[in-house]
Structure formats: C-alpha cells, structure tokens
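Here's the letter readout for the chains.
2 protein chains.
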Amino acid sequence: MPIEKPTIFNTVKEIRTRLQEVRTQGQSISFVPTMGNLHQGHFDLILKASELADHVVVSIFVNPMQFGPHEDFDAYPRTLATDFGALSELPCQSIFAPTVREIYPKGVSTEIDVPSLSTILCGQHRPGHFRGVATIVNKLLNIVEPQYAILGKKDYQQLQVIETMVSDLLMPIKIVGAETTREPSGLAMSSRNAYLSEIQRTLAAELFHSLNTLAIALAETRHMSPILKIERQRLTDAGFIVDYLEIRNADNISATYLEATRAVILVAARLGKARLIDNLVVHLTH
Amino acid sequence: MPIEKPTIFNTVKEIRTRLQEVRTQGQSISFVPTMGNLHQGHFDLILKASELADHVVVSIFVNPMQFGPHEDFDAYPRTLATDFGALSELPCQSIFAPTVREIYPKGVSTEIDVPSLSTILCGQHRPGHFRGVATIVNKLLNIVEPQYAILGKKDYQQLQVIETMVSDLLMPIKIVGAETTREPSGLAMSSRNAYLSEIQRTLAAELFHSLNTLAIALAETRHMSPILKIERQRLTDAGFIVDYLEIRNADNISATYLEATRAVILVAARLGKARLIDNLVVHLTH
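First to last, the protein sequences are chains A and B. Heads up: the first sequence at position 99 corresponds to 99 in the working numbering, and the numbers run straight through without jumps. Count along the second sequence from 1, add 1000, and you get the number used in the working numbering.
Pairs of lysine-lysine, DSSO-like flavour, derived with a Cα cap of 27 Å:
#1 B/Lys1048 <-> B/Lys1174
#2 A/Lys153 <-> A/Lys273
#3 B/Lys1153 <-> B/Lys1174
#4 A/Lys106 <-> B/Lys1174
#5 B/Lys1013 <-> B/Lys1106
#6 B/Lys1229 <-> B/Lys1153
#7 A/Lys174 <-> B/Lys1106
#8 A/Lys48 <-> A/Lys174
#9 B/Lys1273 <-> B/Lys1229
#10 A/Lys5 <-> A/Lys48
#11 A/Lys174 <-> A/Lys13
#12 A/Lys48 <-> A/Lys153
#13 B/Lys1174 <-> A/Lys13
#14 A/Lys174 <-> B/Lys1174
#15 A/Lys174 <-> A/Lys153
#16 B/Lys1153 <-> A/Lys106
#17 B/Lys1106 <-> A/Lys153
#18 B/Lys1013 <-> A/Lys174
#19 B/Lys1153 <-> B/Lys1273
#20 B/Lys1048 <-> B/Lys1005
#21 A/Lys229 <-> A/Lys153
Taking beta-carbon pairs under 7 Å as the criterion, some of the chain B residues facing chain A (in silico):
#22 Ser1109
#23 Thr1110
#24 Asp1113
#25 Val1114
#26 Ser1116
#27 Asn1138
#28 Lys1139
#29 Asn1142
#30 Ile1143
#31 Thr1164
#32 Met1165
#33 Asp1168
#34 Met1171
Derived from the structure by calculation, the hints contain no laboratory data. Just so you know, even glycine gets a beta-carbon here, dropped at the ideal spot from N, CA and C.
Input sequences plus hints: build the corresponding full structure.
In structure tokens form, the structure reads like this:
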C-alpha cells in the first residue's frame, strides 16, 4: 500500500481543525509525542500507533520547560528536515511541529506535577524536569485529543509520570508503553547517543550489560546491595559518572521491590556530554 | 415549555456514556461546577449555561483537596435532596454527584497549580486551596468535556486561576464568568452565608458597602492607602477579622492596578464561623 505523505502543521488552530475533520469522518487518532531527531526507537512507536488507530499524529517539539538551566536545551539535536523525510516513509498522517511561542504564548504559569514520582531518581538529578514533561504532555494531549498516546519504556519514569497524570486527571486517553529499541550492542536508542564518540558508543552498551547482570542476580537473591555496589563501581571505573543504579517496584517506582511481583532495574549515567538512561523489568518469583 | 427532570449520575463512566450520546446527537454542552447547597447565585449560573448550549451539566461535589486541615470541609453544608429538587425546576439536563472515592480513587498524586496566582490574596490565607481548585476543575472538565464552563465572578481569584489554567493547558473549553448575585442588602450570595446568625447577616452587607466606598474614591484618586486603611479599620471595628482588602489590576490580580484600565477591589473577611469574600470591578479613567 503506498503511503500518503503526512501533512505538517505548525499551529494549534490548524491541527485542531484538521483533527476535527478526522474525528467527524469517524476515524480514531493515536499520538506519538517526540522531541524530533527521530531514530528507529521513534519509528517503532509510530508503527505501534498505526496498529492502534486510523490516524497517526507525531509531534516534534523540543520543550524548554523540561530542561534545567544548565542542561542541553540549546544543544539538543534539531533535524526537522530529516525527520519530515523519515516520517513520509512511515504510517504517519499528521505532523505537529509548533514553535515555542505557539505552545507557551504567555510563558509558563500553570504547572502540573506528580511530586511522589517527580522528585526521585532522575527527578532528584533534574529538578523540575518531570513537571515540565507532565505539563507539555498534558498540553499536547489537549491539542490532539487522541484515543491513544504511545510512549517508550526506555523513559520508564517519564512513562510512570504520564500514566499517573492521565489516570489521576481522568483524561479520556489510553497511554501505551512500547518496548525499548536497542542497537545490536544492547545500547538503548536515544537522540542523546548522538553526543557520543565512537569509542563512547561502544562503552555505552555496558549500561545494558549491568542491567542484565543485576537481572540474573535478582533471580537468585534479594541481597542486592553488594552487587549493586560492584556494578556502580564497575561503571565508574569504565568512565561513567553514575547518577543512580537502583532496583524498584516496577508498578510504582517510588516503592521498594521486595514485595513486588515485578521489579525494574533503573540506571542513569553520564558519559562525556551525554546523560544516558536505561532500565530492565524483571518478573520476580517469591 | 415544560422542563424535563435532570438525570442524576454518580459515576464517571455513566455520565461519560450519557454525554457521548449527547455529543453524537450534535448537542453542545455547558457545565456548572458547584459544591452544592445551591442558591440563587448558582441558579443564575445555570440559566446562563442554558443560554450557551443545548445540554446543561451541573456537578455537585464538595472537594476535599481544596480545604485546609483546619477548614470547614466536614461542616460544609450538604443538601443533596434539596439541590436535586431545585435543579428539577431549572434548565439542567444532567447532574453529576460523585463520591470522593469516585473522583480520587487513588488519592491525590497529580497536582495542578498556577503559583503566581495561587499564593496571593486568598491563597496566602489558604495554602494549597487553589491547587485543589485547579486540580478538581481540570478533572471535572476532562470528565464532562463541555464547550462552556460557567463560574461566578464572586470567586474572582478562583475564576482567574481557572481561566489561566484552561488557557495555558490549551484546553478546548471556553470559561465564562457570570456576575455576582446579591441579596437586596448587597451581600454576595454564598453557601457560607448559612453560617451567619441573623445579626451577622445584616452586618455582612458592610463588605459590599466598603467595596462601593472604595470604588467611589477610586474615581477621584490613586492615593488609596489612607482610605483602604480606614475601611479595614471600620470593618474590624464592626466585628470582622479582615484577611485582606486590596485593589489589584482586574486583568491580572498579581499586578498593581496603577497602569490598568480596570481595577478590582477584593475583600476577604471572617465573621463568626464564616469566611466571606467579595469583589467589585471598576473601570478606571486616566
């Protein structure tokens, strides 16, 4: 089946008008929010979106509100033309690529937060980050009004924040988590991998290696402190600055995993200019 | 025209199903969120709602999240049967009267706030109040998905918080502010007037008297500090505990009114068990 090229919308008004037509035609809508610099991980989200609904909307917006003052908002890779080209080969009908002014015409007054989830793990290292994420996703969902929104499990904490927000605020939307797409080395695909040199990129696969080592250990024991310490040290010795390497309840990352049926092993570590995150969910047998 | 009795819904699922039918029939929806104990002020909001859309939804929900730990959540007047009776005489098609558990099944994790507006005036005296208001109204709007929501101007700061939230979050809803309904004495109608003795009720009209005195003075001068001080003292001497009596820019209550084209005079004062608020908007000539 030949794929029709997607239409690009830059304003809230234009995409709303178009999606109102789509709805009037009885079509369902699925939505993939992105910050652009699209890679295979995004493509897999879009393929999943196309399985769930008739009309796929992809947004491309680097959201200033989720970047800290000393983070990489300015440096974040912006590759709009390449992204549009890639999307024209994918089952995507509408692209929403607004300016910052279009999304924050009056700056930021209203904030959405899930404090219990947004102050731990990455939130501890990136204060305000998840408030920025929750707020922008809420806004985008209000613009697109999809039946489904598809988010990658690579950003596990982000997915938890968004799922909690949508559930708590009773938004009539189903959030779908999609599996992490990995390089053959095991490295989770991420736009921030572009910051890595070739040598660093090879080294970066050690994060996934650590997650697997811990998963194997978890099948044998709950006395994980010593092995977590060893893996943290191993990564540090390899050249990472480890923000955290922890095990949590997979259903609620703010809780201990000791009573859980599923644990998630989460890592965040800096390597050169890149801050990399990854995780692995493990089913526990008690 | 004989008025059809409204249908009462207690669950999110039931009212959503009903309103989906209403939308499919091509009808527009307007929404009046209330905490019940309905009086003429609410009736006027409902009449306004019926002028704006085909199907009027009234919610009755005393929202625990907007009450402080030492406030009147438990004492707040709950008069469901009387309210249902009153609504059956009004142009209202659907009543949404959920339990607290229905609205907060998992407690409160997600919070919506407009810090610049929620920490001043009433927000200074009721920490967390407007966060509770913004969050519940967001949830109710997500359930009802109306074209219009009608809120009273008596709660001026609340109206500003909601207008800002809906605008910032790009919610596809028009917020309509409705004029304050007053007793013949000038006292703004409020469910909390029920806390007043007969003598206190007579005295309470002094708040509106002060607002008018200040409005007249504002037509003459911008040197309002002395007269504000006099009015605060007059109310205190009469038996009020004045939380604030202030003049702000009517378009943005966080700003000074000196350059504004419209000012709003705002008062909050406690009398016996009641905390009363009122305001008056004044057009300024420079």
